[in-house]
Amino acid sequence: MKRYLTIFKNGLVRENPLLMLMIGLCSSLAVTTAAANGVGMGLSMTFVLLMSEIVISSFRKLIPDSIRIPVFIIVIAAFTTVIDYLLKAYFPDLSRAMGVFIPLIVVNCIIMGRVEGFASKRPIPEVIADALGMGLGYTWVLLGISMIRELLGNGTIFNIRIMPESYQPIIFFILSPGGFLVFALFISFNLFLKSRLKNGEEECK
Amino acid sequence: MNLFKIFISALLIDNVILMRFLALCPFIGMSSDENKSVGMGLAVTFVTVLATSVTWPIYHFILKPLGLEFLQILVFILIIASLVQLVEFYLKKMVPALYTSMGIYLALITTNCAILAVTFDNISKGYSFLEALVYAVGAALGFLLSLLLMAGIRNRIKTSPIPAFLKGTPILFVSASLLAMAFMGFSGLVK
Numbered sequence: 001m002k003r004y005l006t007i008f009k010n011g012l013v014r015e016n017p018l019l020m021l022m023i024g025l026c027s028s029l030a031v032t033t034a035a036a037n038g039v040g041m042g043l044s045m046t047f048v049l050l051m052s053e054i055v056i057s058s059f060r061k062l063i064p065d066s067i068r069i070p071v072f073i074i075v076i077a078a079f080t081t082v083i084d085y086l087l088k089a090y091f092p093d094l095s096r097a098m099g100v101f102i103p104l105i106v107v108n109c110i111i112m113g114r115v116e117g118f119a120s121k122r123p124i125p126e127v128i129a130d131a132l133g134m135g136l137g138y139t140w141v142l143l144g145i146s147m148i149r150e151l152l153g154n155g156t157i158f159n160i161r162i163m164p165e166s167y168q169p170i171i172f173f174i175l176s177p178g179g180f181l182v183f184a185l186f187i188s189f190n191l192f193l194k195s196r197l198k199n200g201e202e203e204c205k
Numbered sequence: 001m002n003l004f005k006i007f008i009s010a011l012l013i014d015n016v017i018l019m020r021f022l023a024l025c026p027f028i029g030m031s032s033d034e035n036k037s038v039g040m041g042l043a044v045t046f047v048t049v050l051a052t053s054v055t056w057p058i059y060h061f062i063l064k065p066l067g068l069e070f071l072q073i074l075v076f077i078l079i080i081a082s083l084v085q086l087v088e089f090y091l092k093k094m095v096p097a098l099y100t101s102m103g104i105y106l107a108l109i110t111t112n113c114a115i116l117a118v119t120f121d122n123i124s125k126g127y128s129f130l131e132a133l134v135y136a137v138g139a140a141l142g143f144l145l146s147l148l149l150m151a152g153i154r155n156r157i158k159t160s161p162i163p164a165f166l167k168g169t170p171i172l173f174v175s176a177s178l179l180a181m182a183f184m185g186f187s188g189l190v191k
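Here the protein sequences line up with chains A and X, keeping their order. Position one of the first sequence corresponds to residue 1 (the numbering used here), numbered consecutively onward. Position one of the second sequence corresponds to residue 1 (the numbering used here), numbered consecutively onward.
Only chain A is shown next, with the shape it has when bound in the complex (with noise of 0.2 Å):
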């Protein structure tokens, strides 16, 4: 049990997909401009994640290594058309703000990374753990993300009032400009948080 909670542990923060590997940040920053859409999409790229690993992980016998790539490439696009059309059907004001990011979780470097490097040499139950992992690990940062966007440019999270009417909404952060420079300050808070804990560390020793 406590090896299944180490691979979880792993994607949340020291493997964390956005802040520490740097991968899958295009979907990252387009659709934080809201906190509701970060977190859809949070969890569409978890499913997606989660069903890809478990399909790839149980086949990882049969697949021949020599078109493992294309293989692994249709099982991520078929889940990916589930979740599109799914949150079409039961979520359309989101899937319409969400846009094109949505089929494009295909592309997306986080699950061609786990798929590649840990659901096709792992048994079942572990990549169930690291999909979970990398997954909330990529739906918090996100989350994060977008309630800074959204309580600064609008003065909501989640479509709840929270700063005073007279508060004039900072636009930019709603805009593209507002969504680097957010990430921006993100990476380097989690830079000074990991030179902290290496001190540590050494101290110790």
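There's no promise every hint is true.
According to the in silico footprint, chain X covers these stretches of chain A (three or more CB under 8 Å from chain X) [to be verified]:
#1 61-68
#2 74-80
#3 105-117
#4 187-199
Some residues of chain X that are not near chain A, with every Cβ distance over 12 Å (derived) [claimed, not checked]:
#5 Leu50
#6 Pro57
#7 Ile62
#8 Phe89
#9 Tyr90
#10 Ser101
#11 Leu133
#12 Lys167
#13 Phe183
Don't read these hints as lab results, they were simulated from the structure. All C-beta atoms, glycine included, are put in the ideal place defined by N, C-alpha and C.
Given chain A, work out where chain X should sit, using these hints.
Showing chain X alone in chain A's frame:
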């Protein structure tokens, strides 16, 4: 006139990187010097136009008449992946010099989300074949333009005093933010 409008808005107003956050991985990874960024930009332009000229007819003449629109994601990504492979084989055999200078960029293009996004846009915006091609060229050149600008900025960053907490990747995103702000000035260009 209409074609020109499509071209300009794809190139500047809806710049794939700075305004739509597509293809950020190569934007950060491949913009470390000007030559690299031009090589990557040209390779992307070539593949985008090629991908558009294949996916558009396939969608309109095969998928749509047969009612198979739901296969769009699957078909498009496979087409792009195999196109990149084909181009790679062809260049390796016929123009080895070009291949060695472009080789690494070509392999990276399959995971470039700008190309896939352009092919989806062409369908969702209901462009005709010619409009789709112009849009593809515009978007891909927009990619090249921002990559090149970023490479220039990075050259300057190397010798500038940067605040310690922004050193490394954060400063790249801060510069991208400023660059995006500059590009927002184009937004009134086409009505």
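Checked hints:
1. 61-68: violated (count 0)
2. 74-80: This one holds; 4 residues, not fewer than the three required, reach chain X with a Cβ under 8 Å.
3. 105-117: Result for this restraint: holds, n = 5.
4. 187-199: Result for this restraint: holds, n = 4.
5. Leu50: holds (17 Å)
6. Pro57: holds (19 Å)
7. Ile62: holds (17 Å)
8. Phe89: holds (15 Å)
9. Tyr90: holds (19 Å)
10. Ser101: Label holds. Min Cβ-Cβ 24 Å, cutoff 12 Å.
11. Leu133: holds (19 Å)
12. Lys167: violated (8 Å)
13. Phe183: Violated: least Cβ distance 8 Å, not greater than 12 Å.
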